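This is what each chain is made of:
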Amino acid sequence: MTPASATHVLDAQSLAARRGYATLFTDVTFRVEDGQALLVSGPNGSGKTTLLRMTAGLTAPAAGELRWQGDAVRPFDARLRDVVAFNGHLPALKDELTPEENLAAWIALDEAAARDGAIGAALDAVALGRQRQLPVRVLSQGQRRRIGLARLRLVRRPLWILDEPLTALDAQGIEALGALLDAHLASGGLCIAASHQPLPATRERTRTLSLVAA
Amino acid sequence: MSGNEPSSVDAAILPAVGWALARDIRVALRSKAELGVQLLFYVIVVSLFPLATSPSREVLATLGPGVLWTTALLASLLSLSRLFAADFHDGTLEQIALSPRPLAALVSGKIAAHWLTTGLPVALLAPLLGAQYALDSAVLGTLMASLLLGTPILSLLGAVGAALTLGTRGGGSLLALLVLPLYAPVLIFGAGAVDAVRAGLSPAPHLSLLGAGLLLALVAAPFAVSAAVRIALD
Numbered sequence: 015m016t017p018a019s020a021t022h023v024l025d026a027q028s029l030a031a032r033r034g035y036a037t038l039f040t041d042v043t044f045r046v047e048d049g050q051a052l053l054v055s056g057p058n059g060s061g062k063t064t065l066l067r068m069t070a071g072l073t074a075p076a077a078g079e080l081r082w083q084g085d086a087v088r089p090f091d092a093r094l095r096d097v098v099a100f101n102g103h104l105p106a107l108k109d110e111l112t113p114e115e116n117l118a119a120w121i122a123l124d125e126a127a128a129r130d131g132a133i134g135a136a137l138d139a140v141a142l143g144r145q146r147q148l149p150v151r152v153l154s155q156g157q158r159r160r161i162g163l164a165r166l167r168l169v170r171r172p173l174w175i176l177d178e179p180l181t182a183l184d185a186q187g188i189e190a191l192g193a194l195l196d197a198h199l200a201s202g203g204l205c206i207a208a209s210h211q212p213l214p215a216t217r218e219r220t221r222t223l224s225l226v227a228a
Numbered sequence: 012m013s014g015n016e017p018s019s020v021d022a023a024i025l026p027a028v029g030w031a032l033a034r035d036i037r038v039a040l041r042s043k044a045e046l047g048v049q050l051l052f053y054v055i056v057v058s059l060f061p062l063a064t065s066p067s068r069e070v071l072a073t074l075g076p077g078v079l080w081t082t083a084l085l086a087s088l089l090s091l092s093r094l095f096a097a098d099f100h101d102g103t104l105e106q107i108a109l110s111p112r113p114l115a116a117l118v119s120g121k122i123a124a125h126w127l128t129t130g131l132p133v134a135l136l137a138p139l140l141g142a143q144y145a146l147d148s149a150v151l152g153t154l155m156a157s158l159l160l161g162t163p164i165l166s167l168l169g170a171v172g173a174a175l176t177l178g179t180r181g182g183g184s185l186l187a188l189l190v191l192p193l194y195a196p197v198l199i200f201g202a203g204a205v206d207a208v209r210a211g212l213s214p215a216p217h218l219s220l221l222g223a224g225l226l227l228a229l230v231a232a233p234f235a236v237s238a239a240v241r242i243a244l245d
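The listed protein sequences derive, respectively, from chains V and X. Heads up, the first sequence is in our numbering, so the first residue is 15 and it goes up one at a time. Heads up, the second sequence is in our numbering, so the first residue is 12 and it goes up one at a time.
Simulated from the structure, these hints should not be mistaken for lab results. Being a predicted model, the structure only gives us computed values, none of them experimental. The reader is advised that the hints may include incorrect statements.
To be verified - Pair by pair, the computed Cβ-Cβ distance ranges are:
no.: 1; chain 1: X; residue 1: SER219; chain 2: V; residue 2: GLY59; range: 53 to 59 Å
no.: 2; chain 1: V; residue 1: GLY59; chain 2: X; residue 2: ILE199; range: 24 to 30 Å
no.: 3; chain 1: V; residue 1: ALA122; chain 2: X; residue 2: ALA44; range: 23 to 29 Å
no.: 4; chain 1: V; residue 1: PRO57; chain 2: X; residue 2: GLY29; range: 42 to 48 Å
no.: 5; chain 1: X; residue 1: GLY178; chain 2: V; residue 2: GLY131; range: 38 to 44 Å
Claimed, not checked - These stretches of chain X come out as covered by chain V in the derived footprint (C-beta under 8 Å, 3 or more residues):
no.: 6; stretch: 86-93
no.: 7; stretch: 134-147
no.: 8; stretch: 154-165
Claimed, not checked - So the derived list for chain V, only partly shown, Cβ under 8 Å to chain X, looks like this:
no.: 9; residue: ALA70
no.: 10; residue: ALA92
no.: 11; residue: ARG95
no.: 12; residue: VAL98
no.: 13; residue: ALA122
no.: 14; residue: ASP124
no.: 15; residue: GLY143
Backbone N, C-alpha and C define an ideal beta-carbon position, used for all residues, glycine too.
Just chain X, with the same shape it has in the complex:
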């Protein structure tokens, strides 16, 4: 990729991010049903566990953080295949890649739109759903904080997987195989932060690690995604 991006240094990056973000949000809002399905999936799966296990407060409070985090991860995965596939199949991705704007900035906007339409609602809904698991307010607060830090990492890592599986047969299941192991550390530190609070410890180390992971993913993922998109278009 060296020598391909002389203009990206001086080109305005933020307008490109904003362009892709605005476009994807607008398209997402026109197909609200799809958004609703993902959130409903999250709500239903989270609500099934108390029905399937035990009504005991002890058991539920132990299960809760793990269930909420795992389901958030699956909800993110569910919407990933849509992130680039639609644009790939209708030719939008071609045009984006050929535009003078830096591709890494454009895909960042798309990833941001993915997080705003999936990760953010999931994080905001979590305290409400967590109430079913007899979690107290301090735990619920940490849960939401960990999801707010963790779900953008899911979108960023997931975008790399989504871009790498573009144009492959059985892309959806391949994507899950590729991305779920990468999600494991996020899950460990996210659910770990909540468990720490329940054990009376500080969630700060876990949250700091999530924050560090987020920064790393923010810097690296857009470039990996744009390289993968260019390969997919070749």
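Excised from the complex, chain V in its bound form:
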């Protein structure tokens, strides 16, 4: 959607999150630019998912602000919606449809006309070529996560936000994710991921942000 030459900057300024009366984290500040990945780590319940949802523009921060290209953005801001690809805990797949139909629908939503065979190629890349005609209902958790990876590849967005991208993936799936991430970062993409394991991506491009349990 955006040419790789453009510079992208995502700035988080002293973000804080509250759930009910409990404070999850305060004063989280980071900056991610072209070709960089930020790995958010921390114990269960430290607010990794909340931080990611904030960055994706789904949740409003209790304090602080998020800036995209220097402009403060609020939840569901159109400027953020144009650039973000969010892979959360939920697969966003319809059980009744096949992987191919699910992906075709998401591409159509993005107004990005898919090249002929692009969906097939993306499914082949995550080793789901043989399952493309099966309803998603019969696929395993790991296979569903792989469809999510195929979607990242098809929906070309500069800012990837991945919540626990390694969950349910086997060694081969993690390898596919690594290749995908490396290609994304090499072409100037940004990535923010929450995980308990190191990301399978080029180490020198990845920084780690540790949240501590409040």
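Guided by the hints, dock chain X onto chain V, whose structure is given.
Relative to the frame of chain V, chain X by itself:
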């Protein structure tokens, strides 16, 4: 919500409506059993009243419009919980809300799909079922017209309730409590139009009010729904 939608003015609205409509219809057609259950519910409940009351033509003709309208309302309610809940639980709603397309247009498509799969069949079946109530053809015609105007209002108002109860415990019964009072005016004017014809009066005032209600709901409901969806996702 101000400042959130600078792109929605120039973004193509109709493709977004069409996208959500096509997707929901496709999913609905893959789970035909669910659709069948709602229609069957409508058919059975409507057919139970003549069995439970009296075979007298007078009584049935008096009861008929009210029964058909009330049952249409319940059939719409029955399918409402499905409108957003499935998308909420599988993450589709998140992705829809984060897409660059205007959310109000996307939810409009979903509401349109809900009406096409529940309201429209109910309206089309009504004359057939109304025959059990000894209603004549002029009355049946008005009944169908009032349902065609009224059931989209049910889908639109119901969608607001469905979006507001997303993620709440006991969402289904809460939804009924929230939505049924809002349905009352639609029921009054819908059944009123049919009664007017039976009394030899013109149904036009009732139908005009239903039409006005439909226009109002068409304009306002999608924005209320998208605001409620964003709150539910927070």
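Tested hints:
1. X:SER219 / V:GLY59: 53 to 59 Å: Since the Cβ atoms of X:SER219 and V:GLY59 sit about 57 Å apart, the hinted range of 53 to 59 Å holds.
2. V:GLY59 / X:ILE199: 24 to 30 Å: Once the Cβ atoms are compared, 51 Å apart, the range 24 to 30 Å for X:ILE199 and V:GLY59 is violated.
3. V:ALA122 / X:ALA44: 23 to 29 Å: Given a distance of about 27 Å, which is inside 23 to 29 Å, the answer is holds.
4. V:PRO57 / X:GLY29: 42 to 48 Å: 45 Å Cβ-Cβ, so the 42 to 48 Å window holds.
5. X:GLY178 / V:GLY131: 38 to 44 Å: holds (39 Å)
6. 86-93: violated (count 0)
7. 134-147: violated (count 0)
8. 154-165: This one is violated; 0 residues, fewer than the three required, reach chain V with a Cβ under 8 Å.
9. ALA70: Interface hint status for V:ALA70: holds (6 Å vs cutoff 8 Å).
10. ALA92: holds (4 Å)
11. ARG95: Since the shortest Cβ distance to chain X is 5 Å, the answer is holds.
12. VAL98: Where the cut-off is 8 Å and the nearest Cβ of chain X is about 6 Å from V:VAL98, the hint holds.
13. ALA122: It holds, given that the least Cβ distance between V:ALA122 and chain X is near 6 Å, below 8 Å.
14. ASP124: holds (7 Å)
15. GLY143: Where the cut-off is 8 Å and the nearest Cβ of chain X is about 22 Å from V:GLY143, the hint is violated.
Violated hints, listed in ascending order, are 2, 6, 7, 8 and 15; each of the other numbered hints is respected by the structure.
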